[in-house]
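Engineer: Sequence:
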Amino acid sequence: MNFHGTEVRQKALTLLRDGMSNSEVARRMKIPPGTVSYWLHMDRARRGEPVATRPALLCPICDGRSLDHPAYAYVLGLYLGDGHISHYAKHRVPSLMITMDDSWPGLQDAAEAALRAVFPHNATCRVRSKGCHNIKVYFKHLNCLFPQQGPGRKHERPIALLPWQQQIVAAHPWEFIRGLIHSDGCRNMNWTTRVVKGERKRYEYPRYWFTNVSDDIRRLYTDTLDRLGVEWKDCTRHGKPYNISVARKASVALMDAHVGPKY
Numbered sequence: 003m004n005f006h007g008t009e010v011r012q013k014a015l016t017l018l019r020d021g022m023s024n025s026e027v028a029r030r031m032k033i034p035p036g037t038v039s040y041w042l043h044m045d046r047a048r049r050g051e052p053v054a055t056r057p058a059l060l061c062p063i064c065d066g067r068s069l070d071h072p073a074y075a076y077v078l079g080l081y082l083g084d085g086h087i088s089h090y091a092k093h094r095v096p097s098l099m100i101t102m103d104d105s106w107p108g109l110q111d112a113a114e115a116a117l118r119a120v121f122p123h124n125a126t127c128r129v130r131s132k133g134c135h136n137i138k139v140y141f142k143h144l145n146c147l148f149p150q151q152g153p154g155r156k157h158e159r160p161i162a163l164l165p166w167q168q169q170i171v172a173a174h175p176w177e178f179i180r181g182l183i184h185s186d187g188c189r190n191m192n193w194t195t196r197v198v199k200g201e202r203k204r205y206e207y208p209r210y211w212f213t214n215v216s217d218d219i220r221r222l223y224t225d226t227l228d229r230l231g232v233e234w235k236d237c238t239r240h241g242k243p244y245n246i247s248v249a250r251k252a253s254v255a256l257m258d259a260h261v262g263p264k265y
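No gaps in the numbering here: position 153 of the sequence shown is 155 in my numbering, and each next residue is one more.
By construction, these hints were calculated from the structure, which means they are not laboratory data.
All figures in this text were calculated on a predicted structure; none of them were measured in a lab.
All residues carry an ideal CB built from backbone N, CA and C; glycine is no exception.
Not one of these hints is a red herring.
Here are the simulated distance ranges between beta carbons:
#	residue 1	residue 2	range
1	Asn192	Ala259	17 to 27 Å
2	Gly66	Ala162	19 to 29 Å
3	Pro107	Glu158	27 to 37 Å
4	Arg250	His89	38 to 48 Å
5	Lys242	Lys142	29 to 39 Å
6	Gln169	Pro263	22 to 32 Å
7	Gly21	Arg250	50 to 60 Å
8	His93	Pro165	29 to 39 Å
9	Gly154	Gly133	24 to 34 Å
As a list, the in silico SDA-like pairs of lysine to any residue whose alpha-carbon atoms are at most 25 Å apart:
#	residue 1	residue 2
10	Lys138	Ile161
11	Lys156	Ser131
12	Lys264	Cys127
13	Lys156	Ala112
14	Lys203	Met191
15	Lys142	Asn124
16	Lys156	Asn145
17	Lys235	Thr224
18	Lys251	Thr195
19	Lys156	Trp234
20	Lys264	Ala73
21	Lys138	Ile63
22	Lys242	Ser216
23	Lys264	Ser247
24	Lys235	Ala249
25	Lys138	Asn124
26	Lys156	Ser247
27	Lys142	Ile87
28	Lys251	Gly262
29	Lys142	Gln110
30	Lys251	Arg189
31	Lys242	Cys188
Kindly generate the complete structure, drawing on both the sequences and the hints.
Structural biologist: Right, here's the structure in full:
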């Protein structure tokens, strides 16, 4: 085990007292962040300074803590697309992990910001994987906030929103749509050809795609589009309606105003 001597601890405390952040001290001195935080806590206690206590990690469902509804609607969409909750035996609490492709770093930032808004007292982190990052947060009551969680893959079990979730989505439908598109959708250019005055010409037009194997999740998406006045249609893949297309000009304009391409 690697123990840090008094000289190392004192140097770290000097940097902390000079205003350097815990994370920067940990990075510069190659010390675990938890060790740095512990040293700072004990140093403040010995010197009689006020010691910050961690706020109670209350659950919005069980304890009535306030919940950022727009951020939650967005995170709910991300979760239904590319998110899952797991609880490993070596971890005290479960974690919510949302997988985001490295092609869209702006979406990784948006996902992490939304998680911080929904879980203001919990630290978020990014775990690198091949071609992507997993945006994670740990919280004891994740199943309260995402009751759709269950054993098996999402398309193999029923997915239905509870009344309180329906109210949030109804109040913030575009945030919910953004989360679904940012996880399992995209905006691209489609093309077709038409014969005009005897000459075949190529036409390009933008289109939004949403692809999900779960019938229930696709229905949540299309029901919300219906309430927003966005026209859509099923596009089959291998004979199955996995894809939802939004291609009408007015509907694409609505999607552009509230969602836009990935970034």
